[in-house]
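Asks: The chain contents come next:
2 protein chains.
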Amino acid sequence: MDVRTICLGILTRGDATGYEIKKLFEEGGYEHFVEASFGSIYPALSRLTDEGFVSVRSEAQEKRPDRKVYSITPVGRSAFVATLLKPLPEDRHRSPFVFAMLFADLLPQAHVSAMVDHYIGQVEEKLAHLNSHSDASKSDGERFVMDYGRTVYEATLNFLRTHRAEIENQPAQAAE
Amino acid sequence: MDVRTICLGILTRGDATGYEIKKLFEEGGYEHFVEASFGSIYPALSRLTDEGFVSVRSEAQEKRPDRKVYSITPVGRSAFVATLLKPLPEDRHRSPFVFAMLFADLLPQAHVSAMVDHYIGQVEEKLAHLNSHSDASKSDGERFVMDYGRTVYEATLNFLRTHRAEIENQPAQAAE
DNA sequence: GCCTATCTATATTGGACCGATATAGATCGA
DNA sequence: TCGATCTATATCGGTCCAATATAGATAGGC
Numbered sequence: 002m003d004v005r006t007i008c009l010g011i012l013t014r015g016d017a018t019g020y021e022i023k024k025l026f027e028e029g030g031y032e033h034f035v036e037a038s039f040g041s042i043y044p045a046l047s048r049l050t051d052e053g054f055v056s057v058r059s060e061a062q063e064k065r066p067d068r069k070v071y072s073i074t075p076v077g078r079s080a081f082v083a084t085l086l087k088p089l090p091e092d093r094h095r096s097p098f099v100f101a102m103l104f105a106d107l108l109p110q111a112h113v114s115a116m117v118d119h120y121i122g123q124v125e126e127k128l129a130h131l132n133s134h135s136d137a138s139k140s141d142g143e144r145f146v147m148d149y150g151r152t153v154y155e156a157t158l159n160f161l162r163t164h165r166a167e168i169e170n171q172p173a174q175a176a177e
Numbered sequence: 002m003d004v005r006t007i008c009l010g011i012l013t014r015g016d017a018t019g020y021e022i023k024k025l026f027e028e029g030g031y032e033h034f035v036e037a038s039f040g041s042i043y044p045a046l047s048r049l050t051d052e053g054f055v056s057v058r059s060e061a062q063e064k065r066p067d068r069k070v071y072s073i074t075p076v077g078r079s080a081f082v083a084t085l086l087k088p089l090p091e092d093r094h095r096s097p098f099v100f101a102m103l104f105a106d107l108l109p110q111a112h113v114s115a116m117v118d119h120y121i122g123q124v125e126e127k128l129a130h131l132n133s134h135s136d137a138s139k140s141d142g143e144r145f146v147m148d149y150g151r152t153v154y155e156a157t158l159n160f161l162r163t164h165r166a167e168i169e170n171q172p173a174q175a176a177e
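First to last, the protein sequences are chains F and B. Quick note, the working numbering runs 1 ahead of the 1-based positions in the first sequence. Quick note, the working numbering runs 1 ahead of the 1-based positions in the second sequence.
If you are wondering where the hints come from, they were derived from the structure by calculation, not from laboratory data. No false leads were mixed into what you were given.
It does not matter which identical chain is meant; a pair holds if it fits inside one copy or across any two.
The calculated lysine-lysine pairs, modelled on DSS-like cross-linking and capped at a C-alpha distance of 30 Å, are: (1) Lys87 <-> Lys24; (2) Lys23 <-> Lys87; (3) Lys139 <-> Lys69; (4) Lys127 <-> Lys24; (5) Lys23 <-> Lys69; (6) Lys64 <-> Lys24; (7) Lys23 <-> Lys64; (8) Lys139 <-> Lys87; (9) Lys24 <-> Lys69; (10) Lys24 <-> Lys139; (11) Lys139 <-> Lys23.
Please model the entire structure based on the sequences and the hints provided.
Replies: If you want it as structure tokens, here you go:
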């Protein structure tokens, strides 16, 4: 999903700055399915403004730099819905950890165990972060995607804990 | 994980052409954690050759275009292992479908159901593809990552089948 | 008082990546 | 004969992002 569509979607839920959009990705429990960097968010917001899909107003702040608050326009809202009604791009999953496990036999066993421990820790942290969000104020869609994320993280943890021995106790540099 | 590292890894398992590396991603059951396009594979192989991490030989074929076969060098193999021993980049997951489900309330219910059906079909296809790979000739690492993929796909399917009603029967354009 | 770490806030850049395209060689079914 | 599809290499323009830049803070340690 391109970053302009992502920003439009976020803005259907309420006005936001570029910085707030980024924070939503980092802290909002969305990291299992969406992310964007400042390097793409600010240019995307600029283009959306140029295209008339969003409008922008500056707000001065005391003791803080000014902030630019973006609002979706009616045209932008229609464009967003139209995009969702088209066939969606494929999911993309990239896991350096899983890729590295393909080659566990090339690594010292102690290091493989440490990598598995570290990855389990990362997933536990993400799950805890998801669980820290109360469901009280969530829409059905938000609850659905949070529960989906929990399901995948829990399945991942169960799998790693159950199956880690299968790649940890391999002879180093097995003949291949 | 950058594409050069990915190509190096594949080549530790045996010589391959750029085209074969791409086919491995598409058909090898790796799509839940790694992928690269021709647009990045060929330049990566060129750079690896320039850097001395791989060597290349051309093979003429009857009735087919010539093919370039790449082999990892001892220096390349060491570099690959050294890369795996460093801290790995974070996983990245991008799911336009899950992102769209955040906004299910903006869409006609029939369309939401169709999107869920289509996504379930895609995941079922990926799972069937994974299951089509016999475990007989797999290394422990390969078995591990295939089993991991199955676990995640199965958890996904179970979740979608169980919870789809939570976003399908919403009033259209709920007040927000 | 200074320095480092961290937060808030916007913006840009160079390099990596990729979908599309190009070129060139086939087979197969209608 | 033609269109679809496969094999095979390669490039390009657009998108994305980590890093960097600039500018405004607070807080804690020395």
